[in-house]
Amino acid sequence: MDPHITEWLNLTVRWMHMIFGIAWIGASFYFVWLENHLDRSNPREGLSGDLWAIHGGGIYHLEKYKLAPPKMPEQLHWFKWEAYATWLSGIALLTIVFYLNADLYLVAPGSDLSPAAAVAIGIGSLIVGWFVYDFLCESPLGKKPALLGLVLFALLVGAAWALSQVFSGRGAFIHVGAIIGTMMVGNVFRVIMPGQRALVGAIEANREPDPVLPAKALLRSRHNNYLTLPVLFIMISNHFPSTYGSAMNWAILAGIAVLSVLVRHYFNTRHEGQKWAWTLPAAALGMIVLAFVTRPNTAPQVPATAHNDSHAQAASAVSFDTVFNVIQERCTTCHSATPTSPAFAAAPGGVIMDEPAQIQQLAGRIHAQAVATNIMPLGNITNMTQEERDLIGAWVAAGAPAK
Numbered sequence: 001m002d003p004h005i006t007e008w009l010n011l012t013v014r015w016m017h018m019i020f021g022i023a024w025i026g027a028s029f030y031f032v033w034l035e036n037h038l039d040r041s042n043p044r045e046g047l048s049g050d051l052w053a054i055h056g057g058g059i060y061h062l063e064k065y066k067l068a069p070p071k072m073p074e075q076l077h078w079f080k081w082e083a084y085a086t087w088l089s090g091i092a093l094l095t096i097v098f099y100l101n102a103d104l105y106l107v108a109p110g111s112d113l114s115p116a117a118a119v120a121i122g123i124g125s126l127i128v129g130w131f132v133y134d135f136l137c138e139s140p141l142g143k144k145p146a147l148l149g150l151v152l153f154a155l156l157v158g159a160a161w162a163l164s165q166v167f168s169g170r171g172a173f174i175h176v177g178a179i180i181g182t183m184m185v186g187n188v189f190r191v192i193m194p195g196q197r198a199l200v201g202a203i204e205a206n207r208e209p210d211p212v213l214p215a216k217a218l219l220r221s222r223h224n225n226y227l228t229l230p231v232l233f234i235m236i237s238n239h240f241p242s243t244y245g246s247a248m249n250w251a252i253l254a255g256i257a258v259l260s261v262l263v264r265h266y267f268n269t270r271h272e273g274q275k276w277a278w279t280l281p282a283a284a285l286g287m288i289v290l291a292f293v294t295r296p297n298t299a300p301q302v303p304a305t306a307h308n309d310s311h312a313q314a315a316s317a318v319s320f321d322t323v324f325n326v327i328q329e330r331c332t333t334c335h336s337a338t339p340t341s342p343a344f345a346a347a348p349g350g351v352i353m354d355e356p357a358q359i360q361q362l363a364g365r366i367h368a369q370a371v372a373t374n375i376m377p378l379g380n381i382t383n384m385t386q387e388e389r390d391l392i393g394a395w396v397a398a399g400a401p402a403k
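For the sequence shown, position 167 matches number 167 in full-length UniProt numbering, and the numbering has no gaps at all.
There's no promise every hint is true.
Lysine-lysine pairs mimicking BS3-like chemistry, simulated, CA-CA at most 27 Å apart [unchecked claim]:
no., residue 1, residue 2
1, K143, K66
2, K71, K143
3, K216, K80
4, K144, K275
5, K71, K275
Pair ranges (Cβ atoms, derived) [what the hints assert, rightly or not]:
no., residue 1, residue 2, range
6, D210, W52, 49 to 59 Å
7, A27, E208, 46 to 56 Å
8, L47, N206, 13 to 23 Å
9, G350, Y30, 34 to 44 Å
10, D39, E208, 47 to 57 Å
11, H265, A27, 12 to 22 Å
12, H77, N206, 15 to 25 Å
13, M18, E208, 35 to 45 Å
14, S319, T269, 51 to 61 Å
15, Q361, P140, 56 to 66 Å
16, L141, F292, 35 to 45 Å
17, Y30, P140, 44 to 54 Å
18, F135, I5, 51 to 61 Å
Just so you know, these hints were derived from the structure itself, not from any lab.
This structure is a prediction, so every number in the text was calculated from the model and none was measured.
Glycine included, C-beta positions come from ideal geometry on N, C-alpha and C.
Start from the sequences and build out the full structure, keeping to the hints where you can.
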């Protein structure tokens, strides 16, 4: 496919995915907040609580019925299409970016895994992930929410580790996110919506509603609520190579997921007082710890061509001309004002390395992505060697001189 068309297709679908996701998450967070802030002290007959609010220059009065109003309204708004559209656009984006360019984004550099096999593993992980999750929720474990949550967390961490062994860091992260997203939309489609339809049907038929279905829907809804922030992190993680590019990327993902759940739990329970207020500083401290443990090695490897010299001599011996030639050969197929790579119509991220001044200005970013984490070049399609990475590292350590 023409790279210009691919870029605009990527942009359009990504933009749609964000719009739909914001609508889904916004509705979910709002109803959790609404449920937690209902005034249940003295509800009128038939109500379980109400709430007064002001927003946008208007005053609102919201009421929640214990079961249903005396007469069902002609129009009852259902919240489902946001979830379906988010998942469908996400799968489309996964296909456009990772599956149609599996050799660049999905397969780990140096891996013997074929692009077709990588795509098959990716799709299979989504299917297996949903069925394992659904089975556990329907098992006796579903009656023990805390234990179920721990088991699910352990399985997701295991999936992150396993996927990081066969995929690139980006590919592993995005598939963990896709597994979680599939679980969330599956909850809406297979459990929450059928439960709500059964409730409305029972009310209209003047039957006693089955209490089992609402209980199952509540469990899945809580899962969706707590899983939202980890998924949001995965959506933006592509911009932070020290996370997915780390050798311990799966553990970093697990750590940030735990911190995200802590933050979400604080907002879910804030109406009960400040007993969970400690979760916010704990999450902040956790992020500082993760930043510390993922810091790159500040002492780059000595280039093999100078392995007998001292480290300082080796660093100063690396000429800029040598580094410039490496970057021109290994990086500017994509990162140029006129890329020669068929995958890109314009330089990815607007990063251009045609001129010496541009390379010097980008020295820190080049070190982070080509030396500290080895995530560039994408899929190592230009076959950058470790010796060349060490040369760049030594040049940056020497202050990125122009000579």
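Going down the list of hints, with the structure as the test:
no., hint, result
1, K143 with K66, "holds (23 Å)"
2, K71 with K143, "violated (34 Å)"
3, K216 with K80, "holds (17 Å)"
4, K144 with K275, "holds (23 Å)"
5, K71 with K275, "violated (41 Å)"
6, D210 with W52: 49 to 59 Å, "violated (33 Å)"
7, A27 with E208: 46 to 56 Å, "violated (29 Å)"
8, L47 with N206: 13 to 23 Å, "holds (20 Å)"
9, G350 with Y30: 34 to 44 Å, "holds (36 Å)"
10, D39 with E208: 47 to 57 Å, "violated (28 Å)"
11, H265 with A27: 12 to 22 Å, "holds (20 Å)"
12, H77 with N206: 15 to 25 Å, "holds (23 Å)"
13, M18 with E208: 35 to 45 Å, "holds (43 Å)"
14, S319 with T269: 51 to 61 Å, "holds (60 Å)"
15, Q361 with P140: 56 to 66 Å, "holds (60 Å)"
16, L141 with F292: 35 to 45 Å, "holds (36 Å)"
17, Y30 with P140: 44 to 54 Å, "violated (33 Å)"
18, F135 with I5: 51 to 61 Å, "violated (41 Å)"
Checked against the numbered hints listed earlier, the structure breaks hints 2, 5, 6, 7, 10, 17 and 18; every other hint is satisfied.
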